[in-house]
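Given the coordinates of chain A, assemble chain B onto it according to the supplied hints.
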Amino acid sequence: MTGKFTNQKAWFLVLPVVVLVAFNALIPLMTVVNYSFQESFGNNIFFWEGTKWFEEVLHSDRFAASLGRQIVFTSIILAIEIPFGVAIALSMPRKGPWVSVCLVLMALPLLIPWNVVGAMWNIFALPDIGLLGKTLNALGFDYDYTQQPISAWFTVILMDVWHWTSLVVLLSFAGLSSIPEAYYQAAKIDGASSWAVIRYIELPKMKRVLIIAFLLRFMDSFMIYTEPFVLTGGGPGNATTFLSIDLVKVALGQFDLGPAGAISLIYFLIILLTCWLFYTLAMKDEAQ
Amino acid sequence: MSLEFKQIEKRVGAETHIYATDLKLEDGGFNILLGTTLSGKTSLLHLMAGLDRPTSGEVWFNGKNVTRAPVQARNVSMVHQQFINYPNFNVFENIASPLRIQRTPAAEIGRRVGEVAELLNLTPLLERSPNELSGGQQQRTALARALVKDSDLVLLDEPLANLDFKLREELRDQLPKMFENRGCTVVYATSEPNEALLLGGHTATLHEGRVTQFGKTEKIYRRPKDLRSAQVFADPPMNTATVTKQGDTFILNERISWPVAESQRSLSDHAYTVGIRPHHISPASGRAGAVPILGEVLITEFSGSESIVHFQIEDRTWVSQAQGIHPFEIGTKAEFFLDTSHCIYFGAGNELVSA
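Chain order of the listed sequences is A and B. If you count by my numbering, then the first sequence holds residues 30 to 317, one letter each, in order. If you count by my numbering, then the second sequence holds residues 1331 to 1685, one letter each, in order.
Bound-form chain B, shown alone:
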């Protein structure tokens, strides 16, 4: 059940969609492709499925070179962002369709479809036609079709993006459970960092056709390999600034500085890029050792129980994300508190030096 890319490259005309990439997916696990639109998620998925041929490089699947093998020979299934079902089949026939093509005996089809339908709460809907279903039900039908096949590789291309918020949360909770104990490798493409964190597993961060990092989701979030990976895996965007280390102090400007932690003593004295996640900057003091910084408020956004405040220090814009409603007058100076224990430091080549 393993999938490996060896120096895979995909060019279309003069454009490069995927730059030479090595990637070995976690066998039987949940793999997430995280990146913005046009970062190459869908291109990678198509290469994995065999819908597209790479311009150069090799695809290895279960220890075999399948670079030239057509889709049908690969035993993969895929769920798209749009809800794709056969329009004039009912739900049962839709789920059964891959099995019918494989000429599975009718009794087994009935059993397997019944099983998957039960898992996805589709049992009462089996007789309905897709256009009588809600978006969530249509996408569950598409997921069922992918599950029933028992493929080695299941590709999910932003399957929740077209669903409304409530359904998205519900289905996202169910997803990892659906694929448990099935022994298949799942690849899940998403543009939302929070979704990647909620789903766990392993994550590959993508930026403009390059895989910047691949590893355990949690680890990539905590210790991004470089500034790019950190930025891909941050929503709202990560705050960055240049700081200078001088002895046992990091200096941002003449007014803002904080002490160097024990583990960072060995760093040499010069300039670093510091990355600070918005939720480590709070409009309320509280945590001991938080560094107060003074900025001019530009925009405040409230989403339910959360405040996102954009403010300016010198010529740089900062974002703070905090629980609770924190009203600010736009244009006024306000004090924010920086939790420096969570700062991530990058060196001259944007590589991680301390997290």
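If we strip away everything but chain A, and leave its shape as in the complex, we get:
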């Protein structure tokens, strides 16, 4: 019995993980890859199409438009939620009985399922009976998210900020709580201003959790589906048809499996590459 031979047993130990990953990631992904390179017909008849679907998707105005909407949406979401979340975390009490009250209040929106959030805001924002819609109109704003693209965007963004800023708050708060008291004392003794404390102690110390918060919010908002689908159904017109909503229309509405497969893979690669790029750049200084 050589050492090499006995080592083969290790494969059995790895096997459960391999099977699990295969079934929940690799095999589904391979079916998508399969669709994206072929023309699919009923009775499992396939014709090889090469990169035709990819070329078609990449040259289509429809894909460009929904990708554009997606990028604008995610940029706005990140630009609002990250600073807003950090600001809330900074203004929360660090000690005493109010800490847990604040944390529970903050965590509440995160506990509500996506489709419920969509349905809630759908009614909340209705211009004729919803509290938000009626109030806005009473205040003199011409607001109707079922008819006007601007109103629809405003509502979708407000809904996402309401639902997900808490995540940034909780992560930032965890980062803030881990800063030893001595840092604040040292800054006080130096005579540093409260802005300097935020800029040179709190933000640098929160860097790692902020990277995580940014990545999570990027991925989640880039893949957003349920909430705008329930709220606006992608409308009015195509105003809030984000990439995932468009993908579902192509795949299940039109049953174009080839182009849908191609869109899925491009979608997946965009998220993967962006996350990898961002993480690599952000963690460059932390390498030591």
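If you're looking for bench data, these hints aren't it; they were derived computationally from the structure. Mixed in with the good hints, there may be bad ones.
[Claimed, not checked] Here are the in silico distance ranges between beta carbons for each label pair: (1) A:131 to B:1500: 41 to 51 Å; (2) A:41 to B:1451: 51 to 61 Å; (3) A:132 to B:1342: 19 to 29 Å.
Glycine is no exception: its CB is placed at the ideal position from the N, C-alpha and C atoms.
This is chain B only, laid out in the frame that chain A set:
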């Protein structure tokens, strides 16, 4: 450069952290706060810095009442037990940070930082960021930041506690030299009696929120005012026992007794508490006049070239500390030798009567 506490008291909720305390620090000197964890060292330092306000009493600084003055108005600097530096500044910017806040001209900042960096051997590291430094280097950077400010009062809160042994020794040797000729008053909090002895200067012994004694370190060690101060300033713990003076003999029990020294003749004949430092009890005879005592060995510890032996006489545990390796079988009876010329005697109220 003087700091004085007048009847300072600090209570937090129902707890008293510092009981009414008077303390006048040695101007421009090295002052040590010695006490165990929770004895009030850090509370005192925070009161000195102005990070906390006293519940009652007054703090006087350079002849002014600064009880209500905020930290920024006091010109103090502080080094903590943890290594505290600005995470995204390099070493140069970290050291320069208090000067930048004071709006010191750039040329002067360069000069002063360079000077302090040279003193602390940080010159080759000035471009590095704190997370690229070892613990010792990080703490030297924090010390440099405290030094560069030229404050009147420098507070060091167990600055060496988180360093490993070698670095601790090295930095401890350098510390008193760093503050020489700077005219600042240094307060150094530590829980290690040996550290206080090595650093010299003046020492305040702390016990459960009270300053039990303040004076020259050496003097407090030799002549503690009372049993408490003696116990705070002893590591390993001081041996204590009750002895009765009868004419010209101190009697511990029917088998152990020793003659009263010339200077102790005037003491009246009754019971005293005797304090004996562990290194005055040796497992080897040698010194003439040492009193042999017989005890049962409980534990022996060897640390390098030193032996610490715990033994029992009747219901009391004793500790002996001696140079060299002295192996003992646990549970056996062994003879130890007591150097009675270094015994410290305390009266009925635990006050010093003879040392």
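Taking the hints in turn, this is what the structure says about them:
1. A:131 to B:1500: 41 to 51 Å: 46 Å, holds
2. A:41 to B:1451: 51 to 61 Å: Holds - the Cβ-Cβ distance for residue 41 (chain A) and residue 1451 (chain B), about 56 Å, lies within 51 to 61 Å.
3. A:132 to B:1342: 19 to 29 Å: 25 Å, holds
When held up to the earlier numbered hints, the structure conflicts with none and fits them all.
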